[in-house]
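*Asks:* Could you put the whole structure together from the sequences, leaning on the hints where they help?
In order, the protein sequences belong to chains A and B.
Following the numbering used here, the numbering of the first sequence begins with 1171 at its first residue and continues without gaps.
Following the numbering used here, the numbering of the second sequence begins with 1171 at its first residue and continues without gaps.
The hints are simulated quantities; they were obtained by calculation from the structure and are not laboratory data.
Check before you lean on any hint, since a few could be wrong.
Copies of the same chain look alike in the list, so a pair counts if it fits in one copy or across any two.
[Unchecked claim] Subject to a maximum C-alpha distance of 30 Å in a straight line, what follows is the list of computed DSSO-like cross-link-like pairs (lysine-lysine):
{"id": "1", "residue 1": "Lys1625", "residue 2": "Lys1382"}
{"id": "2", "residue 1": "Lys1472", "residue 2": "Lys1361"}
{"id": "3", "residue 1": "Lys1625", "residue 2": "Lys1424"}
{"id": "4", "residue 1": "Lys1473", "residue 2": "Lys1406"}
{"id": "5", "residue 1": "Lys1473", "residue 2": "Lys1626"}
{"id": "6", "residue 1": "Lys1361", "residue 2": "Lys1626"}
{"id": "7", "residue 1": "Lys1724", "residue 2": "Lys1406"}
{"id": "8", "residue 1": "Lys1382", "residue 2": "Lys1406"}
{"id": "9", "residue 1": "Lys1398", "residue 2": "Lys1361"}
{"id": "10", "residue 1": "Lys1626", "residue 2": "Lys1382"}
{"id": "11", "residue 1": "Lys1721", "residue 2": "Lys1225"}
{"id": "12", "residue 1": "Lys1361", "residue 2": "Lys1625"}
{"id": "13", "residue 1": "Lys1473", "residue 2": "Lys1225"}
{"id": "14", "residue 1": "Lys1424", "residue 2": "Lys1472"}
Keep in mind that this is a model prediction, so the values were computed, not measured.
The lines below spell out each chain.
There are 2 protein chains.
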Amino acid sequence: MHALSEYTRESAAQIDFRTSPEQYRHWTIAIDGPIARLIMAVDEDSPHAPGYELKLNSYDIGVDIELYDAVQRLRFEHPEVQAVVITSGIQAMFCAGANIRMLGISSHSHKVNFCKFTNETRNAIEDASLRSGQTYLAALNGTAAGGGYELALATEYLMLIDDGNAAVSLPEVPLLAVLPGTGGLTRLVDKRLVRRDLADVFCTVEEGMKGKRAVQWRLIDETVTRSKFDERVTEKALEFAANSDRPTDEPGIKLERLERSEEENEIRYPFVTVTLDRHGRYATLEIQAPDDDAPATVDEIKKQGVNFWPLAVARALDDALLHLRFNEPTLGMLIIKTSGEGGRIAAYDALLTENREDWLIREILLYLQRTYKRLDVTSRTTFAFVEPGSCFVGMLADLLFAVDRSYMLDGQLDDRPAPTIQLSELSFGALRMSNGLTRLETRFLGDDESVGNAKKLVGQNLDASAAMDAGLITFAPDDIDWEDEIRLLLEERASFSPDALTGMEANLRFAGPETLETKIFGRLSAWQNWIFQRPNAAGESGALKLYGTGKRAKYDRGRV
Amino acid sequence: MHALSEYTRESAAQIDFRTSPEQYRHWTIAIDGPIARLIMAVDEDSPHAPGYELKLNSYDIGVDIELYDAVQRLRFEHPEVQAVVITSGIQAMFCAGANIRMLGISSHSHKVNFCKFTNETRNAIEDASLRSGQTYLAALNGTAAGGGYELALATEYLMLIDDGNAAVSLPEVPLLAVLPGTGGLTRLVDKRLVRRDLADVFCTVEEGMKGKRAVQWRLIDETVTRSKFDERVTEKALEFAANSDRPTDEPGIKLERLERSEEENEIRYPFVTVTLDRHGRYATLEIQAPDDDAPATVDEIKKQGVNFWPLAVARALDDALLHLRFNEPTLGMLIIKTSGEGGRIAAYDALLTENREDWLIREILLYLQRTYKRLDVTSRTTFAFVEPGSCFVGMLADLLFAVDRSYMLDGQLDDRPAPTIQLSELSFGALRMSNGLTRLETRFLGDDESVGNAKKLVGQNLDASAAMDAGLITFAPDDIDWEDEIRLLLEERASFSPDALTGMEANLRFAGPETLETKIFGRLSAWQNWIFQRPNAAGESGALKLYGTGKRAKYDRGRV
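*Replies:* Given below as structure tokens:
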């Protein structure tokens, strides 16, 4: 059975996250004025890997990659779209959730990463609704089960067709012995404020709920008869659109296919180069400074499109992180470096800060924020090395506070000047973590004075000693120690248990308040990871394995 | 190797949580005026189960049961104690943490429950410091490693002897491939506000840290030379004592040995009877109303001591929950019932509310709060059944909001009157969940109106229909449906995967804000549970299994 899936093999088929609407097999984007419809009609014969059929609008990583792409394009390519309706293109089924057969034959690692990516897209949908003036609605023209309902929960308004059959449900616990793993439980009680005892009932009723009771319990916002469904959906979408601040008279910018060239141990993007050290078990992501001065105006930025440096960096980093996460599981450390002329970056940052009310600049900043968040939740150790020739300035300096540790050379290694770092305003509000705080607020939790001191340093070139004094870096070895210290660091980290590191990092990275997002990644996902390993779910007689075979799962009755 | 430990067998030796200082093997309580010293000198030849020696002040469940007992007794029996110093009675070692050999041979279930109980005691220590005027300090007269340092982190002030050797450390990740599982990671970044990158460093340095750097990094509060150590500890303890509001001129009340009688399927305590249904896989906890009217004054309460009804209920419930958790793992459901004359309970509640400033009443309320919290984090499905003859009044009514679901009979089943429930002030502030909210605030998250409406109902007898209208119960079947509905409910729940239920309940029970406590039980513990199952820790070649054998663990290098 294991041989059925590509995901179960050590050297799995590489997953490519780049796609475009012309290539979609499962989704259609239909735009009508301020409203876009995202229509899901999964091609059951096009699974991402062999071994299962995508029946009943169920999804796998391939379906989710298209959804992620569509959400991104709607934001960047369609400023005129102010409301997005997610709906189904097949009969009587909105979406049946993640494909169970796929989950049953996937490796633990693929299940975990698949859920994480899907969660990130759900969060991106909420990000669009809350911060981009592009509000998502779910037009449930058929049953929304499991992950299908969880997708709907990521929208701001759920409308269920009243056809006597269509229901919403989370059948994971009774049917599959796992959790609704993409935010469903958290969104029920913390977003939709469903009473916890009612949520408990709902999550154990395999067939789900519909009609008045579903509305009363806050599981959906309204039910609509078949004859009025389309009309009412449009009406409601227009209502949300009316509150949007997105411009209706501007063209979007085209998300051209991301350039990427690959060699055995190197991946090159515009402004980002990834080097793989398989023996040392780490990947180095080197971000390059812009080649040219920052444009003078927002109009020029719009002409540059995806070539605008901050956007190009976000796209490359985003793709690189996903690639490493899914395709290079044994590279347990990500090292962030920068190179090039940092002098120009401050002007880019200033341009972003001054124009953050513009729809496109807002999108770029939010994308950067989402990408940095993806780094935060990536289960790899992250280090930043500040070396001669580096340019940790402004938006790149914020990465120093995203990583688990940063090392900065104190002095020179060769003829080049000693490295410096430089903060910009972007680190003080525009780039927030999923806990709602900036990375500096998290770093200096409960210590406003240090945050205030850091703010006073904006725009100054800080050498290692100044950076240490301000608490902005972890260590500053000098030229005599530098090489040995870095070598020992990498060797030592590579010697630890990958699982223990993942758990440790997930607990140390998110001090301070918790939010819907941190609860999903910290609490819900950790429980789901645990359950994904338990024999009751994933064992040979577990529910996930036996689903569809007609055999009943055998459970160990001990409660842990 | 499995045969070495009692914990690994299906029918493990029963763990008894009742003890007293005369029986202690590992701890001594020494009281001098307002200061108590809790001295740990673990008897290495008295492990709780065969198969390991408790070297270097390492602990197992037996050691932790004594600590829990000591913490309770200091609060109730010693109102005059205003500061508690935890220290070691052996040479050069404060505490080496949980016994690793014990962990290596324990079942997954025992590891998880052991950590949970230990966490609860750590939280009880913080509860005493923050709410009882009995502040804990750690006098680290030797190294505090792993769980030993985590114990110290639960105190409010950490003093480390400066003898050239003593250090604090969390060596779990590098040494054992598990997490510091009893709050350490959370308390580092969220309580002591250690910078996350420094915490990362600290948690990977096997030998830990000492001296100035340990103070600078906020790992400890001060270091003291050997010659000044005792003097400085006393000085600091007196400083904390000076801020206490505990009375110095009152006797405490003696925590007499809890009465408990056991038959095959029944356990009887004063005011609580536990019935076990092994076939149906549930336990019923029936709490009985007081036999007598509430005393008129606080002095009378003090005369009644452990026989004072609310305290007797808390003690019995506490012991019953622990017993069921550790000794009856296959009973997956706990059913809360009440019986007796509810009319008297309101007077007890009023007495508690009016005198909550008194040290003993405060202790009783805090104990009730801790016990209810223990129910909240117990990984069993919890139901409450409101039947004829029940008395869900006041403090017992709050249990209706602690359980996963409540069922209340609408009408009569026999000659007895239809059941009613009644709220008291205690549900609106005195009994908080670990998220900091009352159970009604959690139940009605974001819906202040419903909380307000419930408050207006205080003191009224509410029948099923009124209770449903106010959202205080889940379902109210009538006499025709009652029996079938309850039977089907229990059968259905028993058919689900225990693991999936545990995960689901852990996510639905704690809507709203997160705190140190919810982070420890929700985020940290879930990750630790996951890691406790991973082959890198618990497999035959895992670090936990091989510890002490001289063999090196072999790790799967894939990052998940």
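*Asks:* Does each hint hold? Answer for all of them.
*Replies:* Hints and how they fare:
1. Lys1625 / Lys1382: between (53 Å within a copy, 28 Å between copies)
2. Lys1472 / Lys1361: neither (36 Å within a copy, 46 Å between copies)
3. Lys1625 / Lys1424: Cα proximity of Lys1625 and Lys1424: none, with 36 Å in one copy and 57 Å across.
4. Lys1473 / Lys1406: Answer is neither: 34 Å inside a copy and 67 Å across each miss the 30 Å cutoff.
5. Lys1473 / Lys1626: neither (34 Å within a copy, 63 Å between copies)
6. Lys1361 / Lys1626: between (37 Å within a copy, 27 Å between copies)
7. Lys1724 / Lys1406: Classified as neither; 46 Å inside a copy, 58 Å across copies.
8. Lys1382 / Lys1406: within (19 Å within a copy, 63 Å between copies)
9. Lys1398 / Lys1361: within (28 Å within a copy, 55 Å between copies)
10. Lys1626 / Lys1382: Close across copies (28 Å), not inside one copy (56 Å); limit 30 Å.
11. Lys1721 / Lys1225: within (20 Å within a copy, 49 Å between copies)
12. Lys1361 / Lys1625: Between copies, since 25 Å is at most 30 Å while 34 Å is not.
13. Lys1473 / Lys1225: neither (43 Å within a copy, 71 Å between copies)
14. Lys1424 / Lys1472: The answer is within: 10 Å in one copy meets 30 Å, while 77 Å across copies does not.
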